[in-house]
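K.L.:
The letter at position 2 of the sequence shown is residue 2 when you use the working numbering, and the numbering goes up by one with no holes.
Treat each hint with caution, since some may be false.
As a list, the in silico DSS-like pairs of lysine-lysine whose alpha-carbon atoms are at most 25 Å apart [what the hints assert, rightly or not]:
hint	residue 1	residue 2
1	Lys271	Lys152
2	Lys366	Lys173
3	Lys173	Lys161
Derived by calculation from the structure, the hints in this document are not laboratory data.
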Amino acid sequence: RQVRCDAGSHGLPCTNCAAFSLECSIPPKQKKKRKGDAAGRPAQRSDCEQNAEAPASSCTDDFISSILDVPRQIKPEPDNTGTFVKLVKPGTTHSEIEDPGRVAYLEEFSNMSLIIQAYQGPIGVHYQLPKVPKDRPLSSRVNQVELDILRKRGALSLPPKELCDELIDAYFKWVAPIVPIINRTSFLRRYRDPSNPPSILLMQAVLLAGSRVCDTPLLLDSNGSPISAATLLYQRVKALYDADYEEDRVTIVQALMLMGWYWEDRARVPKNVFYWNGLATAIAQGCGMHRSTKNSRLSVSDQRLWTRIWWTLYTRDRSVAVALGRPAHISLEGSDVEMVCEDDFIEDPGERPNSFHVQFFLQYVKLCEIMDMILFQNYSISLKAQQNRAMALTQCDLALADWLQRCPSELRWNQSQYNFWPAYLNCVYNTAGCLLHRAHLPPAPSSPLTSTILPQSPAFESAHMITTIVQSLIAHNDLRHAPPFIIYSLLSALMVHIYHLHIQTEVTSQQRNIVACMDALERVSGIWLVGKMVHDLFEAIL
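Let's have the full structure, built from the sequences with the hints guiding it.
P.N.:
Okay, structure coming up:
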């Protein structure tokens with residue numbers, strides 16, 4: 001390709017030679033040739049025009065290296081333009097999906113889906129992407145500069161095995177029941193196998209989540225706080241994610257969900273649990289986790305895992321929307337995933353899961369559905385002015401009552417027979433009750449008649465139950481094991497107690513409830529800094 005030389009107007013060196021760091025010179029002016037001679041042989045071109053035809057790769061590499069100040073070791077991105085071409089070849093889309101971490105989702109109405117179905121027939125919406133060699137060198141995915149940064153950050157290193165063991169045990173005991181997104185059997189099998197360890201991204205994420213609930217003194221800093229250790233682990237897993245170190249999409253979704261167990265970095269407000277859960281949802285939908293895998297070519301084990309991941313994403317999405325007052329990412333109208341059931345927790349044939357934990361999660365999903373209904377019918381901007389508010393209150397109230405009636409007896413709150421998971425589940429139930437009935441309380445007591453009616457509101461009973469359950473958690477030293485949603489529960493109860501305080505003549509009981517909630521917030525502040533923010537806010541108000 002010839003490039004016009006601008007040395008006459010721009011001066012030496014011309015723009016083209018300067019861009020490619022080449023010597024620029026103008027040859028002596030040639031005498032004008034006759035038409036016959038010109039037709040016989042080509043006219044001599046300037047060095048600039050010849051330089052323009054220099055090999056593009058070497059010039060471009062030199063140019064990039066000079067501008068970005070990096071070694072000339074940049075490798076071109078792999079050409080993946082033929083990925084979908086392979087999907088229309090006969091027989092390539094009917095075999096079982098061997099690598100669930102490399103699955104693409106194509107909606108039925110997408111043009112690419114119509115093309116593939118024309119060649120292969122209707123085969124679902126989940127497609128296996130071309131395989132990547134497992135022994136592919138790491139240097140082909142992450143350049144040396146990024147690897148050096150990851151090593152300096154400690155992202156490729158793990159804590160001592162003794163500490164890792166404690167963090168993993170804590171994760172599966174206190175986090176996995178409410179976030180059942182990892183097959184415990186296969187994870188522990190790989191953890192004990194040095195020749196086939198788990199993904200380093202997932203490993204660091206599990207350690208991060210485990211550090212939020214682990215009691216070991218090995219995590220404590222000089223001030224007796226585990227927050228510094230959690231921050232270090234968060235920085236490691238974030239560095240791995242930012243470097244695109246992991247390629248398995250399922251693993252990335254799992255890690256992003258666990259990164260939401262870090263609520264501390266106030267300097268980076270956008271990158272909170274809402275941010276990470278939103279990313280996890282987007283990647284999960286890109287794989288098609290929001291669609292039924294019943295007729296897909298995924299293995300039964302992977303189908304069960306995907307179902308658990310999707311419904312865990314849903315519960316996280318709704319609880320985060322409630323706690324932070326943000327819009328939800330997930331719309332169930334665009335999903336046809338079957339409701340999670342007991343069989344979805346079977347990891348290996350012949351091995352039964354912990355039925356208590358399974359029932360807890362199943363009931364928790366139903367509670368999140370009710371919270372979704374409460375938000376939509378009582379707080380939705382579009383429906384607030386249109387809907388009969390009394391009818392919305394009745395429908396949601398009936399849903400909560402039905403949930404409580406159907407809840408298995410072993411998961412109901414019983415103060416005389418304490419168990420952590422029933423306690424936390426019923427704390428969420430009463431938080432939903434506060435959320436519902438608080439929407440129907442007037443802004444402030446307007447008359448003596450109002451103040452005689454309001455104490456009968458179920459919101460006050462729900463707030464009292466939250467306070468009672470949290471005090472029981474403290475008595476059994478389990479408050480530190482509760483998920484961060486417990487802070488929102490305390491906030492809800494505290495707001496109702498303060499409201500109740502202003503309409504009662506007898507204030508002693510409400511003052512005790514307020515003191516109990518403030519004490520719980522102060523205790524939880526040692527684990528979650530967001531709890532300290534809430535505590536300091538109400539301390540200033542009160």
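K.L.:
Under the constraints set out in the numbered hints, which ones does this structure not fulfil?
P.N.:
Failing hints: none at all.
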